[in-house]
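Colleague: Residue strings, one per chain:
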Amino acid sequence: MHRLAQQPPTQTAFAEARFSSLLDRALVLKGKLAWQGGDRLERNVTQPYAEHTRIDGNRVSVTRKGHGTRHFSLDRAPAMKALLVGLLAVLEGNPRRLRGVFDATLQGRSGAYWTLVLVPHSRKLAHQLEGLALDGYAGTLRCIEINQSGGDESIYVLGHLSARVSASPTQSALKTLCRAG
Amino acid sequence: MRSRVRAALIVLWVLALAGLALYVTNSLKVGTDLRSFMPSASNPDQKLLMQQIGQGPGSRLLLVAIGGADTGRLAKLSKGLTAALRKDTRFSQVVNGDFDLSSINPKWLPYRYLFTDTLDHHRLDAAYLHRQLEERLQDLASPASGLLQKWLPRDPTLEMLKLVQRWAPAHGPDVRDGVWFDKRGEALLLVQTRAAGFDPEAQAHAVQALRKAYRELPGSRAAHLILSGPGYFSVVISRHTRDQANWIGAISTVGFILLLLLAYRSPGALVLAGLPIASGALAGLTALILGFGEANGITLAFGFTLLGVAQEYPIRLLSHRRTGTSALVSVRGLWPLLLTAIASACIAYLAFYASGVPGLQQLAVFTITGLLVAGFSTRYLLPRVLPTRFIDSADTPGLARFRRFLDELPRPRWLPWLIAAGVGFALWLAPGAFWQQSLGALTPVSQKMVATQTRLSKALGAPDARYLLLLHGDNAQSVLQLSERMAPQLRRLEHQGALDAAELPSHYLPSLATQRARQAKLPDRADLEKALAKASAGLPFRKGLFAPFVKDVEAARRLPPVTPSMFESSPLGQRLGAMLVHQDHRWLGLATLSGVHEPGAIAALSRSTGGRVSLLDIKAASEALVNEYRVRILHALVIAAILLVLTVTFALRSVRRAWHVLAPMTLATFLVLAVERLAGIEISLFHLIALILAAGLGLHYALFFERDTGDPAEQRRTLHATVVCVLSALLVFGMLVWSTIPVLRAIGLTVALGVAFHFCLSILMAPHASARKDDEPA
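Residue numbers (this note's numbering), protein chains in the order written: chain G, 1 to 181; chain D, 1 to 778.
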C-alpha cells in the first residue's frame, strides 16, 4: 500500500456520481479534491455549479454561492467521512489506520487491477455507512465507491479517468470503468 | 411557695410558646416572590414592568452553556439535555438550535404555508417550483444532505426550514452538528422555566432538575455545565444569603451568649431573658398568618433583624436589678422609659406600613407585634419568673472606673455643632449619586456572574433587557395586524443600524387576515400537479416523489386559520403567550428588541403611529419606580419622625429633655449617612431599614443616659446595660460586615456604625454627665 503514498499538498480531479432513491438517474458533479496533509481535505465542485467543502479534523464547512457557509461535524456527513478515511489511508500509505476502523479485504483481479473492500467495525458507523471500496490499478487509485445505509451510493472517479464519466452514467457502467478500465 | 408559683409560671409560659410555635410551624407559608418588596405600580407602564420583571419571557430564561469537551460530545450532551428537559413540565421551552422537525405534531405541518411569507412573494407555479427543485438537487449532492433526504418529498420548497429560521434568534449563534455553539466552542441552550424569575424557590427546583438531568447524561462528567439568567441569579443569591446569614448568625449567637454569661453570670437568667424575644417573634409570626395568610422570606429575615431591638428590654431589666429590691420593683422604675422606647420604635416601624409596599407592610406588622409582646412580657411576666438570687451589675469590676473615665472626657459645647457641620459638608461633597437608582440593586450579583450573563446572552442573540416595543390594540387580531404592519418598518430601522433585531408577535403567529390571504393563493390539486410536472421536466426526480407535498398543500387550503388560543397548545405557544398580553380590557403586543443603538429612531416610529406603538424603556421606568418608592418611604419617615418627637416630648413632659434625647440620636443617624456617603456608598432601601433599626437602638441609649436618677450606682447600672446592649449589637451586626452579600453588608455596616455613633454621642451629649464629679458609691 505504501506504493500509493504521496506527499501533501496534492490534488486530483474527480467526478462524483450520486445514486439516490429519490432520483431516477445519477447526479454528477465534477471538480478537484485537494489534500493539505493530516486530516485536511478540500472538495471543490466546479460543475455543474460551484460549491466548496473544507474538512479540518472533525469540522466540516460547506460554502455554496448564494447560500453562505454551513458548519457541522464530520460525524453528520458519513459519506464525507468515508471519502476522507479512504483517501487518507491511501495517500498516507498507512493501512494500519484503516484496520482500526474497518475490516479490509483485498480482491486481486486480472492484471494489476485490485479492489480493497472496507466494512466498518463499529455498529454505530455501520448505521450510517454500509462500506466502501477502493479500486486501483497497480500504484494508482482509480475510484472510491461509498455505500451509504439506505441504498444511496456515491462513486468518486479520480484523476484523468474522471473525464470519462458521462452526464448520466449507470452504476454498473461506472463499476466497470473503475474495476477493469 | 413563691418558688412554686415561679416554676408554674415558667412552665405555663413555655407551654404557651410551644403551642404557638406548633401553630406557626403548621400554618406558616413562606413566600419567596421578591416582587412583594417592590412598590406597587401606579400606571399601566409600571404595571407591565412589574409583570415583566417577574413573569416576562426574559425573566424566566435560563442561559445554559456546556463546555470543556470536543464539538461532537458537546453536541450530543446538548441534544440529550434538551430531550430530557422537554419531558419536564417545569420547563416551558427548551431550544438548542436543533430544530428536530420529527418532534412536531404532524397535524401542524400543513400550516407551514400559512405561516411563512413565501406565498406573499411567489405562487406555487411551474417557474417557481422549477427553481426550487434545481436548488434541491444541489442540496442533495452536498455533503450536508442527510436531513434533506427525509423531508424533500414532503417539503420541496423548504417551508419548514424557513419557519425554523424565522423562529430562531435573529442573531443566533453558529450551528455545528445541528446545535448552537459560541465562539469559545461551548454548546448553548435557552431554557424557559414555567416558574417566575423572581421566585427563587421554584427557580431552585428548576435549576436542580436541570443539573440532575445533565448529570444523568452519559459522558456528562467529561464536560461542564455553565448556567446564567435572572432565575439562576435569584437561586444563587438566596442560597448565598442563607448560607452566610447562617454561619454569621451561628458565630454571633455564640458570642452573644458568652457576652451575656459574662455580664450576668447566671445561665438561668440568660435562658429566661430569651423568653420575651421568643414570645415577640412567635406573636409576630402569628400576626402575619392571621393578617396576610403567609409571610415573605425576606420579611422574616429583616423582621428578625429589626426585632433585635427587643433584646434590649430584658437586658435593661437584668442590669437594673438592685440588691434588696425585687425584680418587679426594678421594672416599675424602668417602665416609663421602656414604654417610651417601645412606643417610639413601633412608630418608626409604622412608617413601613404607610409605604404601601406589601412586603414592608408585613414587616411592620411583624415587628410592631413582636416589639409590643416582647416589651409587655418583659414588664409583666419576666420579673415574676427571674431567679431571686442575682449579682448587682453596679458592682461589676471596672465599671466604676469606666464610668469615671467617661465622665472625665472633655465635652466641649461646640462639639455637636462641629460634627453637624462636618456631616453637612460630607453629605454635600460625597462622591457619586446619593441614592441607589437601580431595581437591580435589590438582587445583587457578582461581577463574574454578570460577565457570564453578558457573554451568553450576546452569543445567543437574546433580546435586550432594557427596551420593549408595545403594540396596543383592542383585540389580539388587531395587535397581530399592527405587528405585521410594523415588521417592514422595523426591518428598515435594522438596515439603518438603529437596532440589531426586533422580534414581533406576528413572527410567531400571522393574523387571521394574512393567513386567509395566503390560503387563497394556494393552487388546487389539479393546478399544482400540472405545475409540478412542468417544473420537474428534465430533472432526475423520481415520478410521484412529491405526492406528500401535493397532499399537504391540499390540506393547507382547507385548514381553519390559527387563532392565538389554538396556537397555545403548539410547541411555541408559550413564546407567543409571553408576547401577547391581555391587560385591563386592552391587548398588548410585546416586541423584544435587541441591540438598540438609536432609541430616538424608534421613538419617532412610535410617534408616526399615533401612539399605537410605544417604546418602553424598562431601565427608565424602573428607576422612576424606585424613585417614587423612595419618596413614599421618605414621606412616611418624615411623618414617623414628627410622631417620634411628639411621643418623646409627651413621655418626658419636657421639650428640653426631649431635645437632649433626640439631638444625639438625629446627629448620629446623619453621621452614619455622612460616613457611608464619604466611602462612596449609594444609599438603598436596605440602608434606610438599617438606619431606622440603629436609630431605635440609639433612642434607648439616649433615653437611659438622659435619665438623671442622681444615684451613682443606678448610673453604673445604666452604663452596664448600655454597654451590654452596644457590645451585643456590635457583635451581631459587626459580623455581617464580613459578608460578601451586599445587602447583608449594607445592614451590618450601617447598624454597627450607627450603634457606635449613637453610644458615643449620647454619652458626650448627655446633659448632666459633666455636672457631676463624684461618682463613688456611697
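I should point out that these hints are in silico values taken from the structure, not numbers from a laboratory. Errors might be hidden in some of the hints.
[Stated by the list, open to error] For lysine-lysine, the following DSS-like pairs were computed, each having C-alpha atoms within a straight-line distance of at most 27 Å:
1. 47/D to 79/D
2. 30/G to 150/D
3. 458/D to 76/D
4. 124/G to 162/D
5. 162/D to 65/G
6. 65/G to 87/D
7. 543/D to 162/D
8. 76/D to 124/G
9. 79/D to 162/D
10. 458/D to 448/D
11. 183/D to 543/D
12. 65/G to 150/D
13. 124/G to 150/D
14. 183/D to 76/D
15. 124/G to 79/D
16. 458/D to 30/G
17. 619/D to 47/D
Colleague: Provide an ascending list of the numbers of those earlier hints which the structure does not satisfy.
Modeller: 1, 4, 6, 11 and 16
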